[in-house]
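J.: Sequence:
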Amino acid sequence: MPTSIAQDAVLAAVAAGGGRPATATARAHRMGSRFAMTVVGAAPRSARAGLTLAGRLESRWSRFLADSDITALNLAEGAPRRVHPHTVRLVREMVDAHRRTDGDFDPTLLPALVAAGYARSRVDPRRTTMLPPSAVAPGRIDTIRIDGDRITLGRGTTLDPGGIGKGLAADLAVEQALADGSLGAMAEFGGDVVVGGVAPDGIAWRIGVEDPFDPDRHLAIIRLARGAVATSSQRKQRWVAADGTEAHHLLDPRDIRSISSDVQTVTVIAATGARAESLTKSGFLRPLDEYLAWLPSQGAAGLAITTDGAEHVSANWSRYR
23 MPTSIAQDAV LAAVAAGGGR PATATARAHR MGSRFAMTVV GAAPRSARAG
73 LTLAGRLESR WSRFLADSDI TALNLAEGAP RRVHPHTVRL VREMVDAHRR
123 TDGDFDPTLL PALVAAGYAR SRVDPRRTTM LPPSAVAPGR IDTIRIDGDR
173 ITLGRGTTLD PGGIGKGLAA DLAVEQALAD GSLGAMAEFG GDVVVGGVAP
223 DGIAWRIGVE DPFDPDRHLA IIRLARGAVA TSSQRKQRWV AADGTEAHHL
273 LDPRDIRSIS SDVQTVTVIA ATGARAESLT KSGFLRPLDE YLAWLPSQGA
323 AGLAITTDGA EHVSANWSRY R
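Residues in the sequence shown are numbered from 23 upward in steps of one, following my numbering.
Please keep in mind that the hints were generated in silico from the structure rather than gathered at the bench.
One should not assume that every hint holds.
EDC-like, lysine to aspartate or glutamate: derived pairs with alpha carbons at most 16 Å apart [to be verified]:
no.	residue 1	residue 2
1	K258	D236
2	K258	D223
3	K258	D284
4	K258	E232
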(Lines of atoms letter the chains of each structure in order from A and count residues from 1; the text may use other names and numbers.)
(Lines give C-alpha, C1' and ligand atoms only; values in the text may rest on other atoms or scores of the structure.)
Protein backbone atom coordinates (compact mmCIF):
# COMPACT_ATOMS: atom_id res chain seq x y z
CA MET A 1 0.00 0.00 0.00
CA PRO A 2 1.61 3.34 -0.97
CA THR A 3 2.11 5.85 1.82
CA SER A 4 0.37 9.22 1.91
CA ILE A 5 2.17 12.58 1.99
CA ALA A 6 1.45 12.77 5.72
CA GLN A 7 2.84 9.29 6.31
CA ASP A 8 5.96 10.15 4.31
CA ALA A 9 6.43 13.24 6.47
CA VAL A 10 6.21 11.17 9.66
CA LEU A 11 8.71 8.64 8.33
CA ALA A 12 11.10 11.43 7.37
CA ALA A 13 10.77 13.03 10.81
CA VAL A 14 11.49 9.74 12.58
CA ALA A 15 14.47 9.09 10.31
CA ALA A 16 15.83 12.57 11.09
CA GLY A 17 15.60 11.96 14.82
CA GLY A 18 12.50 14.04 15.27
CA GLY A 19 10.89 11.61 17.71
CA ARG A 20 8.02 9.18 17.42
CA PRO A 21 4.46 10.15 16.51
CA ALA A 22 1.84 10.06 19.26
CA THR A 23 -0.07 6.83 19.80
CA ALA A 24 -3.34 6.04 21.54
CA THR A 25 -4.74 2.68 22.64
CA ALA A 26 -8.24 1.64 23.68
CA ARG A 27 -9.18 -1.76 25.12
CA ALA A 28 -12.36 -3.74 25.66
CA HIS A 29 -13.77 -7.27 25.67
CA ARG A 30 -15.40 -8.26 22.37
CA MET A 31 -16.44 -11.61 20.83
CA GLY A 32 -15.30 -13.44 23.95
CA SER A 33 -11.75 -12.12 23.67
CA ARG A 34 -9.63 -9.15 24.65
CA PHE A 35 -9.58 -6.49 21.95
CA ALA A 36 -7.08 -3.63 21.75
CA MET A 37 -6.94 -0.88 19.15
CA THR A 38 -3.83 1.25 18.75
CA VAL A 39 -3.61 4.22 16.39
CA VAL A 40 -0.59 6.30 15.38
CA GLY A 41 -0.82 10.03 14.71
CA ALA A 42 -4.51 10.25 15.60
CA ALA A 43 -6.70 11.27 18.53
CA PRO A 44 -7.78 8.68 21.14
CA ARG A 45 -11.29 8.78 19.72
CA SER A 46 -9.95 6.99 16.63
CA ALA A 47 -8.85 4.09 18.82
CA ARG A 48 -12.23 4.07 20.59
CA ALA A 49 -13.95 3.96 17.19
CA GLY A 50 -12.27 0.59 16.65
CA LEU A 51 -13.92 -0.72 19.82
CA THR A 52 -17.28 0.55 18.62
CA LEU A 53 -16.86 -1.21 15.29
CA ALA A 54 -15.87 -4.47 16.99
CA GLY A 55 -19.01 -4.28 19.13
CA ARG A 56 -21.18 -3.79 16.06
CA LEU A 57 -19.53 -6.73 14.33
CA GLU A 58 -20.16 -8.91 17.38
CA SER A 59 -23.85 -7.97 17.30
CA ARG A 60 -24.02 -9.04 13.64
CA TRP A 61 -21.86 -12.15 13.79
CA SER A 62 -22.32 -13.77 17.20
CA ARG A 63 -23.89 -17.23 17.15
CA PHE A 64 -24.98 -16.57 20.75
CA LEU A 65 -27.27 -13.63 19.88
CA ALA A 66 -30.80 -14.36 18.69
CA ASP A 67 -30.98 -11.24 16.52
CA SER A 68 -27.57 -11.49 14.79
CA ASP A 69 -27.14 -11.89 11.04
CA ILE A 70 -25.46 -15.26 11.61
CA THR A 71 -28.35 -16.61 13.69
CA ALA A 72 -30.82 -15.37 11.06
CA LEU A 73 -28.90 -17.19 8.33
CA ASN A 74 -28.56 -20.36 10.40
CA LEU A 75 -32.29 -20.51 11.16
CA ALA A 76 -33.45 -19.65 7.63
CA GLU A 77 -33.84 -23.29 6.52
CA GLY A 78 -32.78 -22.54 2.95
CA ALA A 79 -34.53 -19.18 2.59
CA PRO A 80 -32.57 -16.04 1.59
CA ARG A 81 -31.85 -13.43 4.23
CA ARG A 82 -30.75 -9.80 3.83
CA VAL A 83 -27.63 -9.04 5.89
CA HIS A 84 -25.17 -6.21 6.50
CA PRO A 85 -22.35 -5.75 3.94
CA HIS A 86 -19.82 -6.74 6.61
CA THR A 87 -21.61 -10.08 6.94
CA VAL A 88 -21.51 -10.55 3.18
CA ARG A 89 -17.76 -10.04 3.33
CA LEU A 90 -17.48 -12.52 6.21
CA VAL A 91 -19.34 -15.24 4.33
CA ARG A 92 -17.25 -14.63 1.21
CA GLU A 93 -14.11 -15.00 3.33
CA MET A 94 -15.44 -18.30 4.71
CA VAL A 95 -16.16 -19.70 1.26
CA ASP A 96 -12.78 -18.57 -0.09
CA ALA A 97 -10.94 -20.03 2.92
CA HIS A 98 -12.66 -23.40 2.51
CA ARG A 99 -11.56 -23.52 -1.12
CA ARG A 100 -8.03 -22.26 -0.42
CA THR A 101 -7.40 -24.92 2.24
CA ASP A 102 -9.09 -27.78 0.36
CA GLY A 103 -11.64 -28.06 3.15
CA ASP A 104 -9.26 -28.00 6.13
CA PHE A 105 -11.03 -24.81 7.16
CA ASP A 106 -14.73 -25.65 7.42
CA PRO A 107 -17.12 -23.10 8.96
CA THR A 108 -20.11 -25.50 8.76
CA LEU A 109 -19.26 -27.68 11.79
CA LEU A 110 -21.31 -25.69 14.32
CA PRO A 111 -23.82 -28.49 15.14
CA ALA A 112 -20.92 -30.77 16.12
CA LEU A 113 -19.39 -28.05 18.30
CA VAL A 114 -22.73 -27.58 20.06
CA ALA A 115 -23.15 -31.34 20.50
CA ALA A 116 -19.66 -31.54 22.00
CA GLY A 117 -20.69 -29.11 24.73
CA TYR A 118 -19.96 -25.64 23.38
CA ALA A 119 -23.49 -24.29 23.02
CA ARG A 120 -23.38 -21.40 25.49
CA SER A 121 -21.29 -18.26 25.57
CA ARG A 122 -18.31 -18.49 27.91
CA VAL A 123 -18.77 -14.79 28.72
CA ASP A 124 -22.53 -14.82 29.33
CA PRO A 125 -23.95 -18.37 29.78
CA ARG A 126 -27.47 -16.99 29.38
CA ARG A 127 -26.72 -16.65 25.68
CA THR A 128 -26.93 -19.86 23.72
CA THR A 129 -26.59 -21.05 20.14
CA MET A 130 -29.81 -21.56 18.18
CA LEU A 131 -29.88 -24.21 15.45
CA PRO A 132 -32.65 -25.33 13.09
CA PRO A 133 -33.97 -28.93 13.25
CA SER A 134 -32.28 -29.67 9.91
CA ALA A 135 -28.76 -28.67 11.05
CA VAL A 136 -26.02 -31.17 10.20
CA ALA A 137 -22.24 -31.20 10.39
CA PRO A 138 -20.57 -30.83 8.07
CA GLY A 139 -22.90 -28.63 6.07
CA ARG A 140 -22.44 -27.94 2.37
CA ILE A 141 -20.38 -24.92 1.40
CA ASP A 142 -21.44 -25.40 -2.21
CA THR A 143 -25.05 -24.54 -1.31
CA ILE A 144 -24.18 -21.01 -0.18
CA ARG A 145 -25.47 -18.33 -2.52
CA ILE A 146 -24.63 -14.62 -2.33
CA ASP A 147 -26.74 -12.15 -4.30
CA GLY A 148 -25.93 -8.57 -3.35
CA ASP A 149 -26.90 -8.21 0.31
CA ARG A 150 -28.89 -11.45 0.31
CA ILE A 151 -27.34 -14.74 1.42
CA THR A 152 -28.87 -18.19 1.17
CA LEU A 153 -27.53 -21.21 3.05
CA GLY A 154 -28.66 -24.61 1.86
CA ARG A 155 -31.09 -26.31 4.24
CA GLY A 156 -29.15 -27.94 7.07
CA THR A 157 -26.04 -25.80 6.57
CA THR A 158 -25.09 -23.45 9.40
CA LEU A 159 -22.11 -21.14 9.92
CA ASP A 160 -19.82 -20.39 12.85
CA PRO A 161 -17.66 -17.25 12.44
CA GLY A 162 -15.21 -18.40 15.12
CA GLY A 163 -11.61 -17.38 14.53
CA ILE A 164 -12.06 -16.08 11.00
CA GLY A 165 -14.61 -13.61 12.35
CA LYS A 166 -12.04 -12.19 14.77
CA GLY A 167 -9.43 -12.03 12.03
CA LEU A 168 -11.77 -10.15 9.72
CA ALA A 169 -12.90 -7.86 12.55
CA ALA A 170 -9.27 -6.87 13.10
CA ASP A 171 -8.89 -6.27 9.34
CA LEU A 172 -11.95 -4.02 9.29
CA ALA A 173 -10.85 -2.08 12.38
CA VAL A 174 -7.46 -1.26 10.83
CA GLU A 175 -9.07 -0.38 7.50
CA GLN A 176 -11.46 2.00 9.27
CA ALA A 177 -8.69 3.69 11.28
CA LEU A 178 -6.54 4.32 8.21
CA ALA A 179 -9.53 5.56 6.19
CA ASP A 180 -10.40 7.97 9.02
CA GLY A 181 -6.95 9.55 8.98
CA SER A 182 -4.78 7.54 11.36
CA LEU A 183 -1.22 7.32 10.06
CA GLY A 184 -0.93 3.78 11.38
CA ALA A 185 -3.08 1.26 13.23
CA MET A 186 -2.90 -2.07 15.01
CA ALA A 187 -5.84 -4.23 16.06
CA GLU A 188 -5.23 -7.08 18.53
CA PHE A 189 -8.09 -9.56 18.81
CA GLY A 190 -7.38 -12.59 20.96
CA GLY A 191 -4.70 -14.46 19.03
CA ASP A 192 -4.97 -12.27 15.95
CA VAL A 193 -3.06 -9.06 15.20
CA VAL A 194 -3.47 -6.86 12.10
CA VAL A 195 -1.25 -3.86 11.38
CA GLY A 196 -1.12 -1.19 8.69
CA GLY A 197 0.29 2.24 7.95
CA VAL A 198 3.11 3.83 9.93
CA ALA A 199 4.46 1.92 12.94
CA PRO A 200 5.29 3.88 16.11
CA ASP A 201 9.02 3.67 15.32
CA GLY A 202 8.48 4.46 11.64
CA ILE A 203 9.88 1.07 10.62
CA ALA A 204 7.85 -1.97 11.65
CA TRP A 205 5.37 -3.18 14.24
CA ARG A 206 6.76 -5.60 16.85
CA ILE A 207 4.42 -8.50 17.63
CA GLY A 208 5.12 -11.16 20.25
CA VAL A 209 4.31 -14.85 19.70
CA GLU A 210 3.18 -16.42 22.98
CA ASP A 211 4.82 -19.58 24.30
CA PRO A 212 1.96 -22.12 24.58
CA PHE A 213 3.62 -23.68 27.64
CA ASP A 214 4.38 -20.37 29.39
CA PRO A 215 1.91 -17.55 28.58
CA ASP A 216 4.19 -15.00 30.25
CA ARG A 217 6.98 -15.68 27.75
CA HIS A 218 7.35 -14.83 24.07
CA LEU A 219 8.83 -17.45 21.77
CA ALA A 220 9.55 -14.90 19.09
CA ILE A 221 9.16 -11.23 18.21
CA ILE A 222 7.86 -10.65 14.69
CA ARG A 223 8.60 -7.44 12.81
CA LEU A 224 5.83 -6.59 10.38
CA ALA A 225 5.35 -3.41 8.35
CA ARG A 226 1.84 -4.40 7.29
CA GLY A 227 -0.27 -7.54 7.31
CA ALA A 228 -1.47 -9.93 9.97
CA VAL A 229 -0.43 -12.59 12.45
CA ALA A 230 -2.85 -15.25 13.72
CA THR A 231 -2.28 -17.99 16.28
CA SER A 232 -4.54 -21.00 16.84
CA SER A 233 -4.09 -23.36 19.77
CA GLN A 234 -5.60 -26.63 20.88
CA ARG A 235 -4.47 -25.86 24.44
CA LYS A 236 -7.19 -23.22 24.96
CA GLN A 237 -11.00 -23.32 25.09
CA ARG A 238 -11.10 -26.86 26.45
CA TRP A 239 -13.91 -28.55 28.36
CA VAL A 240 -15.19 -32.00 29.37
CA ALA A 241 -17.79 -33.32 26.92
CA ALA A 242 -20.94 -35.19 27.92
CA ASP A 243 -19.21 -38.54 27.33
CA GLY A 244 -16.44 -37.62 29.76
CA THR A 245 -13.76 -37.00 27.15
CA GLU A 246 -11.81 -33.76 26.93
CA ALA A 247 -12.83 -31.57 24.00
CA HIS A 248 -11.67 -28.31 22.48
CA HIS A 249 -12.92 -25.86 19.86
CA LEU A 250 -10.77 -27.00 16.91
CA LEU A 251 -12.67 -29.71 15.04
CA ASP A 252 -11.33 -32.11 12.44
CA PRO A 253 -13.68 -31.87 9.43
CA ARG A 254 -12.88 -35.49 8.54
CA ASP A 255 -14.38 -37.09 11.67
CA ILE A 256 -16.07 -34.05 13.29
CA ARG A 257 -14.16 -34.52 16.55
CA SER A 258 -11.74 -32.30 18.43
CA ILE A 259 -8.43 -32.41 16.60
CA SER A 260 -5.87 -34.80 18.05
CA SER A 261 -2.44 -33.66 16.92
CA ASP A 262 1.12 -33.41 18.17
CA VAL A 263 0.96 -29.78 17.02
CA GLN A 264 -0.08 -27.57 19.93
CA THR A 265 -0.13 -24.12 18.34
CA VAL A 266 0.20 -22.71 14.83
CA THR A 267 1.10 -19.10 14.06
CA VAL A 268 0.69 -17.75 10.52
CA ILE A 269 1.77 -14.44 8.98
CA ALA A 270 -0.33 -13.41 5.97
CA ALA A 271 -1.70 -10.35 4.19
CA THR A 272 -4.94 -10.23 6.21
CA GLY A 273 -6.24 -11.44 9.53
CA ALA A 274 -8.99 -13.49 7.90
CA ARG A 275 -6.51 -15.30 5.66
CA ALA A 276 -3.96 -15.87 8.41
CA GLU A 277 -6.67 -17.34 10.68
CA SER A 278 -7.97 -19.77 8.07
CA LEU A 279 -4.48 -20.96 7.13
CA THR A 280 -3.65 -21.94 10.72
CA LYS A 281 -6.17 -24.80 10.64
CA SER A 282 -4.27 -26.85 8.07
CA GLY A 283 -1.28 -26.92 10.42
CA PHE A 284 -3.16 -29.25 12.78
CA LEU A 285 -4.39 -31.55 10.00
CA ARG A 286 -1.59 -32.00 7.46
CA PRO A 287 1.85 -33.58 7.85
CA LEU A 288 3.89 -30.76 9.37
CA ASP A 289 6.69 -30.69 6.78
CA GLU A 290 4.12 -30.65 3.98
CA TYR A 291 2.17 -27.86 5.64
CA LEU A 292 5.19 -25.63 6.20
CA ALA A 293 6.35 -26.17 2.61
CA TRP A 294 2.85 -25.24 1.33
CA LEU A 295 2.42 -21.98 3.26
CA PRO A 296 4.72 -19.80 1.09
CA SER A 297 2.62 -20.72 -1.96
CA GLN A 298 -0.28 -19.07 -0.12
CA GLY A 299 1.70 -15.88 0.49
CA ALA A 300 2.17 -16.86 4.12
CA ALA A 301 4.80 -17.91 6.64
CA GLY A 302 4.32 -20.14 9.66
CA LEU A 303 5.56 -21.38 13.02
CA ALA A 304 4.27 -24.58 14.63
CA ILE A 305 4.98 -25.72 18.19
CA THR A 306 4.76 -29.45 18.94
CA THR A 307 4.13 -31.25 22.23
CA ASP A 308 7.85 -31.53 22.97
CA GLY A 309 8.21 -27.75 22.70
CA ALA A 310 10.09 -27.91 19.40
CA GLU A 311 9.69 -25.00 16.99
CA HIS A 312 9.06 -25.79 13.32
CA VAL A 313 9.09 -22.94 10.78
CA SER A 314 8.49 -22.38 7.08
CA ALA A 315 11.48 -21.46 4.94
CA ASN A 316 10.39 -17.80 4.76
CA TRP A 317 9.77 -17.30 8.50
CA SER A 318 13.17 -15.72 9.12
CA ARG A 319 12.40 -12.67 6.99
CA TYR A 320 10.00 -11.46 9.71
CA ARG A 321 12.48 -11.78 12.63
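J.: Take the hints in turn and mark each one as holding or not.
T.: Each hint tested on the structure:
no. : hint        : verdict
1   : K258 / D236 : 13 Å, holds
2   : K258 / D223 : 33 Å, violated
3   : K258 / D284 : 15 Å, holds
4   : K258 / E232 : 13 Å, holds
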